[in-house]
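Residue-level listing of the chains:
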Amino acid sequence: MTDSSVVSITAVSKSFGRGTAAIRVLEDVSVEIGRREFFTLLGPSGCGKTTLLRLIAGFETADQGRIAIEGQDVTQTPPYHRPVNTVFQSYALFPHLTVEQNVGFALEEQRLPADKIRTRVGEALEMVRMQSFARRRPAELSGGQQQRVALARALAPRPKVLLLDEPLSALDLKLRKEMQIELKLLQAEAGITFLFVTHDQEEALTLSDRVAVMQGGRILQIGAPHDIYEAPTHRFVADFIGDINLIEAEALPGNTLQLAGGATLSVPHDARGKVTLAIRPERARIAAAGAGHLQARVVHTAYLGTALLHKLALADGGTFLLRQSNLDASPLAMGSSVGVSLPAENLRVLVQ
Amino acid sequence: MTDRPALRRLGLLTPALATIAVLIGVPLALMFWISLLQKGDSGGVDWASAPSLGNYIRLVWEEDFDGTMIVNTSYLIILLRSVLQAAVTTGLCLLFGLPVALWMAGLSRGQREIMLLLITIPFWTNLLVRNYAWLIILREDGWLSQLVNSLSPVGPVQLLYNDLAVAIGLTYSFLPFMILPLYTVFEKFDWRLLEAAHDLGAPRRRALRRVVIPIAMPGIAAGSLLVFIPCLGAFVTPALLGGGKTLMLGNVIQMQFAASRNWPFGAALSVVLLALMLVVMVAMAIWRNRRVK
Numbered sequence: 122m123t124d125s126s127v128v129s130i131t132a133v134s135k136s137f138g139r140g141t142a143a144i145r146v147l148e149d150v151s152v153e154i155g156r157r158e159f160f161t162l163l164g165p166s167g168c169g170k171t172t173l174l175r176l177i178a179g180f181e182t183a184d185q186g187r188i189a190i191e192g193q194d195v196t197q198t199p200p201y202h203r204p205v206n207t208v209f210q211s212y213a214l215f216p217h218l219t220v221e222q223n224v225g226f227a228l229e230e231q232r233l234p235a236d237k238i239r240t241r242v243g244e245a246l247e248m249v250r251m252q253s254f255a256r257r258r259p260a261e262l263s264g265g266q267q268q269r270v271a272l273a274r275a276l277a278p279r280p281k282v283l284l285l286d287e288p289l290s291a292l293d294l295k296l297r298k299e300m301q302i303e304l305k306l307l308q309a310e311a312g313i314t315f316l317f318v319t320h321d322q323e324e325a326l327t328l329s330d331r332v333a334v335m336q337g338g339r340i341l342q343i344g345a346p347h348d349i350y351e352a353p354t355h356r357f358v359a360d361f362i363g364d365i366n367l368i369e370a371e372a373l374p375g376n377t378l379q380l381a382g383g384a385t386l387s388v389p390h391d392a393r394g395k396v397t398l399a400i401r402p403e404r405a406r407i408a409a410a411g412a413g414h415l416q417a418r419v420v421h422t423a424y425l426g427t428a429l430l431h432k433l434a435l436a437d438g439g440t441f442l443l444r445q446s447n448l449d450a451s452p453l454a455m456g457s458s459v460g461v462s463l464p465a466e467n468l469r470v471l472v473q
Numbered sequence: 317m318t319d320r321p322a323l324r325r326l327g328l329l330t331p332a333l334a335t336i337a338v339l340i341g342v343p344l345a346l347m348f349w350i351s352l353l354q355k356g357d358s359g360g361v362d363w364a365s366a367p368s369l370g371n372y373i374r375l376v377w378e379e380d381f382d383g384t385m386i387v388n389t390s391y392l393i394i395l396l397r398s399v400l401q402a403a404v405t406t407g408l409c410l411l412f413g414l415p416v417a418l419w420m421a422g423l424s425r426g427q428r429e430i431m432l433l434l435i436t437i438p439f440w441t442n443l444l445v446r447n448y449a450w451l452i453i454l455r456e457d458g459w460l461s462q463l464v465n466s467l468s469p470v471g472p473v474q475l476l477y478n479d480l481a482v483a484i485g486l487t488y489s490f491l492p493f494m495i496l497p498l499y500t501v502f503e504k505f506d507w508r509l510l511e512a513a514h515d516l517g518a519p520r521r522r523a524l525r526r527v528v529i530p531i532a533m534p535g536i537a538a539g540s541l542l543v544f545i546p547c548l549g550a551f552v553t554p555a556l557l558g559g560g561k562t563l564m565l566g567n568v569i570q571m572q573f574a575a576s577r578n579w580p581f582g583a584a585l586s587v588v589l590l591a592l593m594l595v596v597m598v599a600m601a602i603w604r605n606r607r608v609k
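Residue numbers (the numbering used here), protein chains in the order written: chain A, 122 to 473; chain B, 317 to 609.
In case anyone wonders, no lab produced these hints; they're calculated from the structure. Check each hint, because a few of them may be wrong.
Sample of chain A residues lacking proximity to chain B, with all beta carbon distances greater than 12 Å (derived) [claimed, not checked]:
(1) 227
(2) 231
(3) 239
(4) 303
(5) 416
If you want the footprint, here are the derived chain A segments under chain B, 3+ residues with CB under 8 Å [what the hints assert, rightly or not]:
(6) 178-185
(7) 191-201
(8) 207-213
A few chain A residues that don't get close to chain B, going by computed Cβ distances all over 10 Å [claimed, not checked]:
(9) 136
(10) 156
(11) 167
(12) 216
(13) 243
(14) 264
(15) 274
(16) 327
(17) 391
(18) 396
(19) 403
(20) 435
(21) 466
Every residue gets a Cβ at the ideal spot worked out from N, C-alpha and C, and that includes glycine.
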């Protein structure tokens, strides 16, 4: 564990159910989350990301492994004694309390004096710009407003880590975009570590300092959004985040890869046998027919404003997406034959 | 023809309204009228007597031998005891019913149905029979009496024919009326709110007090009303398990109509009981309205 890490998760496993019916939800997960970091757990539903969050919150107990917050082992600590707070997917605002009573809930549990509670509630509501709604009840608020109150309620006790369980998923697209920016600003203002759970890869890339991509109860890759996008280490990660073309190839000795069509590429690798090559649509280039590494036919071209997205049919039957900037776009007729060149520096050799 | 739906609604409501009027309105009016009359020479009602408030006055004052009116507290005491007994029963039902309802809400669907069935099974048996069953359990050679007496450090304890026996019997009889509305609330309860309370630093008991109970308040109010109101008028349980020593309002009313054959006074007592229930219900409604605002 490093000095700067706020949350330290070591070899945590968790199963639900008993005996043969038990389902392994988390498998030997380890991760360190740094101070003031915006850290995101990203993965499809059922990948274990929410379970990991609930383990940190204390709603579930780990079967194996250790969870520490600020160096303190909290593996067996009940949720009400942990210095973390949660923003729930459903907000879980108390319907019988007003907005300010909701926000003050944790502060009252801490037995703070009434005037101090009032000040802190005011500050928290100001942070999310909800001061004028202090006396309303949750039922009288819109989804976005409830979201803000839930944020204020979780921030008011000044947790060491704020846990956010898909907090934006119930909002419509426009509001979600607004809240994304606000979340980011809020984190900078509050100076608190955010642990964010989402299945939305775009949201993860926009917001996070670092992202952990999860699948089947394991963390596949941890890295900055740029690394995750540009240098995925797993086929799943590459496929899950953004559009990508996957090409089967044979690894030959001498840093050579042979494509199915027979073309060879010189790429540094230490693989052997069959491998998968990954390349983003915007990283491949159009070449003249007969040139390049792959031969294809134009099936469809979508005009995206700033770019053109070509859908190509490869000679061996596969599909290839190619994104071409509007600046250097030469019009391609539907059905015309083209070559595709794969710049070696843009290719990734993936673990299966 | 904009009033046609309204007209049709009235037509559809008429049978129900007529039933209520004939079966509830008329008897109530009759009871109120009788409460103002005098009892007949051989009991019953003297329909020819002049209406007066005499029966109501009798509840509090009685004529001394020299003709002066003195306060007679015996009916007031019975009234007070009835309210107290009903309140204690309501409290006991809440104490036992709340954990059961909470526990039931956490069961699987199939288990819940079985529990609901078990809770309603006692209704298949007549109330009188069930009270006799308690008589057997609580009397000196009953198993509960013997168990309690063998454990009691203060010598033999009398379980039957006292207020305790009445409280046990009433709690037993009315417990389902508390459990069912509470269960309805807890079944719909969003348990994530409990997690939120824990998350914000409230341990189990605090979360129960600050989140679960306030949200369950409509169920608690409904259950309390369903227990308190019929308890106030109960007469079978106090008569059997109280052994006639501990009278409740229901018993006095029953005595007026049967043994004493003083229908007008019994009717007056019934009107007072009804008024009492009405006061409780109105108070409850006002309190609940205030909470919503």
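Status of the hints after comparison with the structure:
1. 227: Violated, since 4 Å does not exceed 12 Å.
2. 231: 6 Å, violated
3. 239: Since the minimum Cβ distance to chain B is about 17 Å, residue 239 (chain A) lies beyond 12 Å and the statement holds.
4. 303: 21 Å, holds
5. 416: 56 Å, holds
6. 178-185: holds (count 3)
7. 191-201: With 3 residues closer than 8 Å to chain B, the stretch 191-201 of chain A meets the three-residue bar; holds.
8. 207-213: holds (count 4)
9. 136: Given a closest Cβ separation of 20 Å, the condition holds.
10. 156: About 21 Å separates residue 156 (chain A) from the closest Cβ of chain B, which puts it past 10 Å; holds.
11. 167: 19 Å, holds
12. 216: Per Cβ check, residue 216 (chain A) is inside 10 Å of chain B; nearest 7 Å; violated.
13. 243: Holds, because the least Cβ-Cβ distance between residue 243 (chain A) and chain B comes to about 18 Å, which exceeds 10 Å.
14. 264: Answer for residue 264 (chain A): holds, closest chain B Cβ roughly 16 Å.
15. 274: Incorrect as stated: the minimum Cβ-Cβ distance to chain B is 7 Å, not above 10 Å.
16. 327: 26 Å, holds
17. 391: 47 Å, holds
18. 396: Since the minimum Cβ distance to chain B is about 45 Å, residue 396 (chain A) lies beyond 10 Å and the statement holds.
19. 403: 42 Å, holds
20. 435: 49 Å, holds
21. 466: The assertion about residue 466 (chain A) holds, with a minimum of 47 Å to chain B.
Going down the numbered hints, you'll see the structure goes against 1, 2, 12, 15, while the others check out.
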